[in-house]
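Protein chains: 2
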Amino acid sequence: MKKYLLTPGPTELPARVLLAMAHPIIHHRAPEFLPVLEQAREGLKWLFKTKNEVLILASSGTGAMEGAVTNFLSKGDKVITVNAGKFGERWGQICKAYGVEADVINVEWGQSVDPEKIKEALQKNPDVKGVYFQATETSTGVVHPVKEIAKIVHDNSNAIVVVDGITGVGVFDLPMDEWGIDILLTGSQKALMLPPGLAFIGISDRAWKLNETSTLPRFYFNFSKELKNIVKNQTAYTPAISLIIGLGESLKMMKEEGLENVYKRHTLLAEATRKGVQAMGLKLYAPKSPSNSLTAAVAPEGLDSGKIISSLEKDFGIRIANGQDQAKGKIFRVAHMGYYDKSDILFMLASLEIVLNKLGYKVESGIGVGAAEKVFIA
Amino acid sequence: MKKYLLTPGPTELPARVLLAMAHPIIHHRAPEFLPVLEQAREGLKWLFKTKNEVLILASSGTGAMEGAVTNFLSKGDKVITVNAGKFGERWGQICKAYGVEADVINVEWGQSVDPEKIKEALQKNPDVKGVYFQATETSTGVVHPVKEIAKIVHDNSNAIVVVDGITGVGVFDLPMDEWGIDILLTGSQKALMLPPGLAFIGISDRAWKLNETSTLPRFYFNFSKELKNIVKNQTAYTPAISLIIGLGESLKMMKEEGLENVYKRHTLLAEATRKGVQAMGLKLYAPKSPSNSLTAAVAPEGLDSGKIISSLEKDFGIRIANGQDQAKGKIFRVAHMGYYDKSDILFMLASLEIVLNKLGYKVESGIGVGAAEKVFIA
Numbered sequence: 028m029k030k031y032l033l034t035p036g037p038t039e040l041p042a043r044v045l046l047a048m049a050h051p052i053i054h055h056r057a058p059e060f061l062p063v064l065e066q067a068r069e070g071l072k073w074l075f076k077t078k079n080e081v082l083i084l085a086s087s088g089t090g091a092m093e094g095a096v097t098n099f100l101s102k103g104d105k106v107i108t109v110n111a112g113k114f115g116e117r118w119g120q121i122c123k124a125y126g127v128e129a130d131v132i133n134v135e136w137g138q139s140v141d142p143e144k145i146k147e148a149l150q151k152n153p154d155v156k157g158v159y160f161q162a163t164e165t166s167t168g169v170v171h172p173v174k175e176i177a178k179i180v181h182d183n184s185n186a187i188v189v190v191d192g193i194t195g196v197g198v199f200d201l202p203m204d205e206w207g208i209d210i211l212l213t214g215s216q217k218a219l220m221l222p223p224g225l226a227f228i229g230i231s232d233r234a235w236k237l238n239e240t241s242t243l244p245r246f247y248f249n250f251s252k253e254l255k256n257i258v259k260n261q262t263a264y265t266p267a268i269s270l271i272i273g274l275g276e277s278l279k280m281m282k283e284e285g286l287e288n289v290y291k292r293h294t295l296l297a298e299a300t301r302k303g304v305q306a307m308g309l310k311l312y313a314p315k316s317p318s319n320s321l322t323a324a325v326a327p328e329g330l331d332s333g334k335i336i337s338s339l340e341k342d343f344g345i346r347i348a349n350g351q352d353q354a355k356g357k358i359f360r361v362a363h364m365g366y367y368d369k370s371d372i373l374f375m376l377a378s379l380e381i382v383l384n385k386l387g388y389k390v391e392s393g394i395g396v397g398a399a400e401k402v403f404i405a
Numbered sequence: 028m029k030k031y032l033l034t035p036g037p038t039e040l041p042a043r044v045l046l047a048m049a050h051p052i053i054h055h056r057a058p059e060f061l062p063v064l065e066q067a068r069e070g071l072k073w074l075f076k077t078k079n080e081v082l083i084l085a086s087s088g089t090g091a092m093e094g095a096v097t098n099f100l101s102k103g104d105k106v107i108t109v110n111a112g113k114f115g116e117r118w119g120q121i122c123k124a125y126g127v128e129a130d131v132i133n134v135e136w137g138q139s140v141d142p143e144k145i146k147e148a149l150q151k152n153p154d155v156k157g158v159y160f161q162a163t164e165t166s167t168g169v170v171h172p173v174k175e176i177a178k179i180v181h182d183n184s185n186a187i188v189v190v191d192g193i194t195g196v197g198v199f200d201l202p203m204d205e206w207g208i209d210i211l212l213t214g215s216q217k218a219l220m221l222p223p224g225l226a227f228i229g230i231s232d233r234a235w236k237l238n239e240t241s242t243l244p245r246f247y248f249n250f251s252k253e254l255k256n257i258v259k260n261q262t263a264y265t266p267a268i269s270l271i272i273g274l275g276e277s278l279k280m281m282k283e284e285g286l287e288n289v290y291k292r293h294t295l296l297a298e299a300t301r302k303g304v305q306a307m308g309l310k311l312y313a314p315k316s317p318s319n320s321l322t323a324a325v326a327p328e329g330l331d332s333g334k335i336i337s338s339l340e341k342d343f344g345i346r347i348a349n350g351q352d353q354a355k356g357k358i359f360r361v362a363h364m365g366y367y368d369k370s371d372i373l374f375m376l377a378s379l380e381i382v383l384n385k386l387g388y389k390v391e392s393g394i395g396v397g398a399a400e401k402v403f404i405a
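Sequence order for the protein chains is A and B. Our numbering puts the first residue of the first sequence at 28, with every later residue one more than the last. Our numbering puts the first residue of the second sequence at 28, with every later residue one more than the last.
The hints are simulated quantities; they were obtained by calculation from the structure and are not laboratory data. Relax, there's no trap hidden among the hints.
It does not matter which identical chain is meant; a pair holds if it fits inside one copy or across any two.
In the DSSO-like style, the derived pairs of lysine-lysine whose C-alpha atoms are separated by at most 30 Å in a straight line are:
no., residue 1, residue 2
1, K357, K259
2, K357, K341
3, K174, K78
4, K76, K255
5, K279, K29
6, K30, K385
7, K255, K78
8, K357, K252
9, K334, K252
10, K113, K259
11, K102, K236
12, K334, K310
13, K105, K123
14, K123, K252
15, K341, K369
16, K102, K255
17, K282, K401
18, K259, K78
19, K252, K355
20, K334, K259
21, K341, K259
22, K123, K259
23, K123, K236
24, K102, K123
25, K113, K310
26, K102, K151
These numbers come from a predicted model, not from an experiment.
Assemble the whole structure, with the sequences as input and the hints as a guide.
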């Protein structure tokens with residue numbers, strides 16, 4: 028059976044990227060690697076919309092999240108974190124591990140954070156060093172109002188704005204410099220159409236200033252050391268060479284398509300997916316602020332979402348994701364970030380209709396796909 | 028021009044590994060990934076010769092080194108580290124970054140550590156928690172007496188024996204359980220014939236015991252969390268999936284060859300390389316304890332080793348490595364760990380003879396290759 032991966036990371040890899048990575052290995056200090064790293068640096072600056080360097084780490088996104096705490100804070104520092112799901116919770120866990128005091132804004136799963144809550148928290152704690160949140164909370168499919176939050180933070184404090192853009196960067200616009208995002212990070216296995224194993228982190232001048240006084244311990248994720256190296260087209264430690272070669276190809280594909288077109292495509296696919304599942308009578312898990320990265324849909328009353336997921340896998344070779352923690356069994360999550368196009372959404376929705384009917388939830392055949400078609404026609 | 032990589036990491040990739048990694052991406056929670064991770068686990072236990080789990084990290088080897096400090100020690104703990112080169116120095120730097128007091132045994136570059144020095148250091152500091160050293164110090168091409176050191180440590184203390192086997196594992200025997208190595212770590216881009224981006228770390232029961240009382244901060248490199256996951260064929264954070272698929276193939280290749288044959292091949296290639304460069308009148312940088320992983324040779328008096336390296340690259344497409352730090356310009360390093368065989372050594376030595384002659388250091392044509400041939404004939 029043909030296999031399709033529509034999970035919110037890892038995502039499908041273009042054959043062009045797979046082939047690029049199958050290139051014989053190059054030494055990371057060899058002259059042939061210099062243009063590879065230089066192009067990657069330029070491409071990442073273009074993608075992050077920043078004049079500053081974007082560091083390239085050999086780790087998953089969580090490593091970059093840890094570094095976003097340890098390179099800018101000191102023991103006993105206060106920060107604000109937004110916990111609207113499993114990944115927002117992680118900010119608090121990292122802070123705890125390093126003795127940073129996090130004032131956690133808890134948000135109901137499926138909701139986005141109200142920027143006013145951040146304003147209140149800033150007024151309560153005027154000495155916070157940073158505000159840590161997600162662009163998209165991958166566990167719930169919600170998008171947070173990054174631009175508004177950044178403005179509120181800068182209008183009301185000296186704190187840095189730290190955005191986990193793991194499922195945001197490359198899906199929708201997150202112009203670092205223009206919006207005043209001080210730290211923006213992402214991983215390779217989402218919109219960047221690569222296997223997992225690389226993380227990227229952009230850092231503003233304001234954040235670099237904070238780095239100078241930060242005393243938390245760090246070694247592998249030492250950003251000032253990485254900066255000193257990356258300007259010379261090097262990395263502090265051996266880089267994940269084959270993945271960086273793949274990165275060159277995926278950035279090239281994004282440039283060929285054009286960044287605005289990449290964002291438009293993601294908007295269109297997300298809108299079609301949402302309209303499609305809603306036409307089947309399913310509710311969105313994040314109805315007010317759904318992300319264009321993935322769609323989280325609530326399973327019909329009395330039907331375990333795990334059954335929908337395993338039937339899609341078994342009958343159609345389509346892998347989507349279950350909910351995590353408290354949402355497990357209640358929702359399913361379909362990704363449309365990265366190497367996806369209209370056809371993926373159409374066959375996924377049609378397959379979903381068949382599976383739902385088979386599982387006893389009656390759906391008029393074609394109703395979801397039809398709704399998606401209308402989005403594409405418009 | 029055909030290109031050849033004979034650097035001490037990254038090393039050449041077999042086409043089988045490149046092809047394996049070009050497999051369409053699999054989700055790390057998908058049933059198809061379970062046997063991949065399970066085989067990798069089994070293969071790593073086989074390679075490390077341990078009954079315990081070997082953790083798989085998405086990072087370069089340095090990440091595993093950091094974790095080997097942060098997961099077992101607490102602030103103010105004392106350890107002994109062996110600094111016989113750039114990588115030995117790194118143990119001290121990591122300890123310093125985390126407030127661990129390192130009694131550093133400084134060894135002249137090119138020399139291996141005298142186990143008696145470790146005994147003395149243990150007697151001076153009976154409360155040390157660990158002894159940290161390299162199996163092979165990659166910057167000098169020296170091999171340390173791992174078995175003897177492990178015995179001395181266990182006979183004289185309760186400290187754990189921590190071995191950076193980044194350029195040792197898969198080159199020569201380092202049977203963890205038999206020798207009492209408590210922590211053994213390596214990276215993917217050496218004898219394991221993979222691109223950089225994965226690190227592996229085996230941990231003894233004694234070390235796990237120490238982990239229970241360790242209080243240094245950690246998050247991404249959290250080994251107890253990784254252990255809880257790996258026994259369920261999972262990883263704490265998104266694994267570097269494509270590299271792990273490649274790992275399956277490289278372990279398969281090592282099993283097909285047989286571990287003892289792998290070690291024999293490395294011994295033979297190393298011996299031929301040493302005899303070859305010595306026949307050209309060059310001195311080994313680590314003459315008393317040369318590693319079978321790489322050969323470091325001293326450039327002829329008055330000839331910058333960088334010139335030899337750049338000529339080999341320019342005229343023959345062969346990339347070898349310069350010395351690092353104090354050895355830069357003085358030595359060159361040729362690797363023979365991983366996917367190498369007799370032919371690689373023969374053409375490298377012949378090319379080296381041509382290059383040396385061209386640079387004004389007169390070598391009888393064929394004298395080095397001839398010496399290597401004799402090793403292979405024997």
